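Asks: Listed below are the residues making up each chain.
There are 2 protein chains.
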Amino acid sequence: MKLFNRRSPLWACAALALSTPAFANDGYHLWLGEPRGEAASATVELAGDSPTLQIAADELRRNLPTLDRPVMLARASDPALAGLPIDTRALGTEGYRVQSATIGGKAVTLVTGATDTAILYGAFALLRHLNSGGDPAKIELASAPETKLRILNHWDNLDGVVERGYSGQSLWDWWVLPDFKDPRYADYARANASLGINGTVLNNVNAKSDSLTAPYIAKAAALADVFRPYGIKVYLSARFSAPIELGGLKTADPRDPAVAAWWKAKADEIYRAIPDFGGFLVKANSEGQPGPRDYGASHGDGANMLAAAVKPHGGIVMWRAFVYADTDPDDRAKQAYTEFKPLDGTFADNVLVQVKNGAIDFQPREPFHPLFGAMPKTPLIAEFQITKEYLGFATHLAYLGPMFEEVLDAQTGVRRGETVASVVTGKADRHTLSGMAGVANIGRDRDWSGGTFNQANWYVFGRLAWDPTLSSEEIAREWAAQTYGNDPVIIDTVVKMMMRSREAVVDYTGPLGLAHLFASGHHYGPGPWVSDLGRPEWNPVYYHRADKNGIGFDRTRTGSNAVAQYAPSIAKRYADPKTTPPEELLWFHHLPWDYKMPGGNTLWEELVRRYDRGVAEVAAMRAQWATLKPKIDAERWTKTDVFLGVQQREALWWRDASLAYWMSLNGLKLPAGSAAPQHSLEHYKQVRFAYPPGNPQ
Amino acid sequence: MKLFNRRSPLWACAALALSTPAFANDGYHLWLGEPRGEAASATVELAGDSPTLQIAADELRRNLPTLDRPVMLARASDPALAGLPIDTRALGTEGYRVQSATIGGKAVTLVTGATDTAILYGAFALLRHLNSGGDPAKIELASAPETKLRILNHWDNLDGVVERGYSGQSLWDWWVLPDFKDPRYADYARANASLGINGTVLNNVNAKSDSLTAPYIAKAAALADVFRPYGIKVYLSARFSAPIELGGLKTADPRDPAVAAWWKAKADEIYRAIPDFGGFLVKANSEGQPGPRDYGASHGDGANMLAAAVKPHGGIVMWRAFVYADTDPDDRAKQAYTEFKPLDGTFADNVLVQVKNGAIDFQPREPFHPLFGAMPKTPLIAEFQITKEYLGFATHLAYLGPMFEEVLDAQTGVRRGETVASVVTGKADRHTLSGMAGVANIGRDRDWSGGTFNQANWYVFGRLAWDPTLSSEEIAREWAAQTYGNDPVIIDTVVKMMMRSREAVVDYTGPLGLAHLFASGHHYGPGPWVSDLGRPEWNPVYYHRADKNGIGFDRTRTGSNAVAQYAPSIAKRYADPKTTPPEELLWFHHLPWDYKMPGGNTLWEELVRRYDRGVAEVAAMRAQWATLKPKIDAERWTKTDVFLGVQQREALWWRDASLAYWMSLNGLKLPAGSAAPQHSLEHYKQVRFAYPPGNPQ
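Going down the list, the protein sequences come from chains A and B. Just so you know, we're using our numbering here: the first sequence kicks off at 1 and counts up by one. Just so you know, we're using our numbering here: the second sequence kicks off at 1 and counts up by one.
Think of the hints as simulated: they come from the structure by calculation, not from any bench. Check before you lean on any hint, since a few could be wrong.
Stated by the list, open to error - Just the calculated beta-carbon pair ranges, DEER-fashion:
#1 B:Ala261 <-> A:Ala214: 55 to 63 Å
#2 A:Ala567 <-> B:Val642: 52 to 60 Å
#3 A:Asp276 <-> B:Leu533: 42 to 50 Å
Owing to the predicted nature of the structure, the values given are computational and were not obtained by experimental measurement. Here a beta-carbon is modelled for each residue, glycine too, at the ideal position from N, C-alpha and C.
Using the sequences and the accompanying hints, generate a full structural model.
Replies: Written out as structure tokens, the structure reads:
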């Protein structure tokens, strides 16, 4: 206890920081970091006093490293800026510019933009620049978002359970809203604003109509009041049958004038409480949700009816394309395209169709969804899953940046240079509306996302939604520096771990384009043998189609011909196993176990090699993390270390269970040097979890 | 921002504390307070180095105000203490003594006891003394617990939902246990140890047998490892039918040797993982739970069979007396006594019968349970509900100290001076086993209990479990000083609010001995009109029996004769409305609306007066709290202020709805000066909550 006997107040300060768990880093501050004590010197001047500008100033005062000049926050239209050589033309309403300037004879760092929200984004950009190693002497930042809607989708049920949530219950404490506004709501908004996220859908797409009742509208309005100065709009998932459940109508047929009138009145009611309400997200006729197809109406009829209700208030509708029917015997991967492609051009101008990154369901790897590029007349909002439903929940380390990037960078083949990103930004087809949606991994856990590395997925989603052409590795570097400190050893190690982590998960769960091999319901752990679920396309055997002779789903002309949904150049590449990338091989092709892979391995040998590689990668990540023990605070280091231990054990479980099953089908031996599974196939089939999280009953 | 420009490190420190939400008081530190920076001077010397002593030393270093001498922690048996005039005879294994002493020529403050846990309790007692205004120059503390078992009952389901929990989901993150031990578990143990709580039942009495499977035993063992150095044992609620569900047996009949053998093997398995496992808590044949009565065996047969299984390991069984059957037409208030009284003397010596404070179910006021005093051959553990199922959840301010005290101080009438407390401590009948159980109000909310004042109920339970003869007002003072700071204005105001708060809830929910008038299922808000529930004794109309002529439940000889379950002197007092305290009047008597009350009011006038008083009390509490705004940190002040606003609105709702209903029956007018209900009775009957917390479906 020597430290405590030093009488200098500075030592008392240090002792304060060192001696108590309260000051350990519990991850609450995310990438924004623990507030700096010495931020003292950041002098901030405001031109204006809106709540948004006050927030920007507070952020800078709290977290800005020492600068040699004051920071000035001013709108581009401020008279003080008139005549200065500051180019704000390309910034739009949300873009910012941060640069040195001399204003009124005084040298300042100017943060500017057309709106206060743009200035707030600029303040966060300045913090990001300086806290991730940017040169304080060279501050010249300018950026405008490439998408208009940057939105989190909360799959939060009104009872507090988060579907596919692994970080505690819903952040929204509906019971005490609207009276009590937890201070945490502002911290949530702050974190989102730091990334440029400008919208949040509060409730699950598997919606209850209660969310549209007066008490819940008042609760949502209280949240909207907290979020507003951070530039974040509130949206709601709408249950299509609400006119029946709440309105007492006999039908929810969108062509029925009484139904349209009910929604119009409901929208009016919402806008009275939330004047800047964003609009509705709808999951219709999918996995049991009601929708227009129940009445023989089309998705367009449904979307346009809702769009008309919010249109007078400036609202929008995001209509999900994630549909598939057990009554349709066709390949599940084809059904969204089949249903939506013909509707292109029929949607109102305030409707976006929300398309998942792949055609099945957020697998560790999927080829990009064939709807991207196929609906040029409709703005498409890309839906990514930030929460790791299929990638080991909160426990397994998997940085999703490379996965998001892989999809965004994919060439649609429709036009030269057209990528998914260019469709999503609306540039490909000159849409005004555009956006990216991310299924949130945020809950009431102290560290928000159930572990520090999960925070990186929230971060990378937000950054890519702002600009889908950013590099996921650069984003990882930014995140690591801000989260763990700007130490090159930490950053290099952490970024290396992150950049290989998602491929490791692919390798140990479903290499070579295999998909949907997960245990039933909760999707944690292997279940490639599952064949007894109610609908054929819910069973892993539907997806891998393995038997004694081979494995994989034939989606070429000899099979479901899903490849034909892609533009001809892409379809051609996927039609032939030789030109299909190995990573997507068994997604498109059913091949014999002894199929020769590039490099000379048989398919079976290559499959085993990749399972083994996945397991080895996790061991390597764990060893890398161990080297950082002296550099990272104990609380965050330990949690990740424990989780990596779990992942190491479970990667082996995945590999062993999967190989035991494949061997039970193909009768093959493992290649030399590859260890036999630890247990019998029967053992793995018996694994059960009593109360898996994120799986409401 | 002037503060920030002061360059002294001390100012930097202050700025750190003032400028950031992170350092706002979010209630996490409970009554233990924010760690003191200046604790520097607390020199602590240890004789020994057990984890428990280390914890004691760390607590003192963290939170002790400056003393003029070092603190020494040493066991009573330490040679250094030999020959000193320190009386440790009456301390037992858990009692402590803290006093000045000269050891080895050095003046120290000595903290001693027979065990390291006793020393830990002594360290917390020293902190409590000094942090609640005790004289640092006069330290002479000695205390030994009056009960052996001081236990929290967590009604936590394995899926994370806490039955009757209003402060977030279960603290136990079963999914990542046993791998990840949240640092919060140690903070939970620390808070409990500061009160002397020495046991915790991890899972709900409405138990699932999964809690007894190998994976969950390993998870419980991980928690036990964290809690052990804090002197806290782990217990489990046992589902009586587990031998069928887990063991594949055909029966759970306690007289079947195979059933007994299954439990013995299960106990052995648990003790291999948790050598100091405390034992089982059982809810049997109550509200749908399985039990020995399913097989015609008695509660004694069931309890003794389980007791035999844990006996070789030193374990105990707590068997709940909370039983009532819809097949029994007798007054529900009588049924536990009827069932258990005849079993007195039949229980094994490691069984305690757990008896709720009253005969119905944790109402805002109930007369003490007639089983206290009626089972002299059986140790009875008293069960109190810390969580406010019937007192406004986490939102309404109700300090339960006076309620606990009222019950503990009640004379049983069996012997002169025999109180419920003397039964509970085992003194009345010279039992070795004794205890108090509290249904926890702890969840994963940052402030643990959903609001600062709810923390006081955890606190007062622990302090009274240690010594049931303590004054609830003194405990309130202690708590207030430690929680909000040792400022007489704060303490006086807060204690005044607390001491009247429970009576206010009684007044606006059920004055004059009315009970169980709550809305169905969730028990939030009024439902005195409810008469349609499946079992008669679940309906409020069963309890109030009001009609045009009168109100109240006749439990005298002309009614259910429940009074006869009390000792004759008590029974005699309750048999006559004139000698029954007004607070319990309608619990025991059905009286005409115009019955003359002491003081001259009619029963109706007095009832209305008390409803009005309850509403006025809440307004007064809110006004008192407002005066403390300048003295209390914004975060905690605001939450309580908002909650008091809710309570004020809802006290009026309770009063108006109740009066509207009574008037619909009795046709009477309100006394002059008493305002008419704001809405129609029909309005109040229509109130519904979509997703009330704490009410698992």
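Asks: Work down the list of hints and note, for each, if the structure agrees.
Replies: Outcome of the hint check:
Distance hint for B:Ala261 and A:Ala214: a CB-CB separation of about 59 Å, consistent with the stated range 55 to 63 Å. The given range of 52 to 60 Å is respected by A:Ala567 and B:Val642, whose C-beta atoms sit roughly 57 Å from each other. For A:Asp276 paired with B:Leu533, a C-beta distance near 44 Å keeps the hint of 42 to 50 Å intact.
Violated hints are absent here; each numbered hint is respected by the structure.
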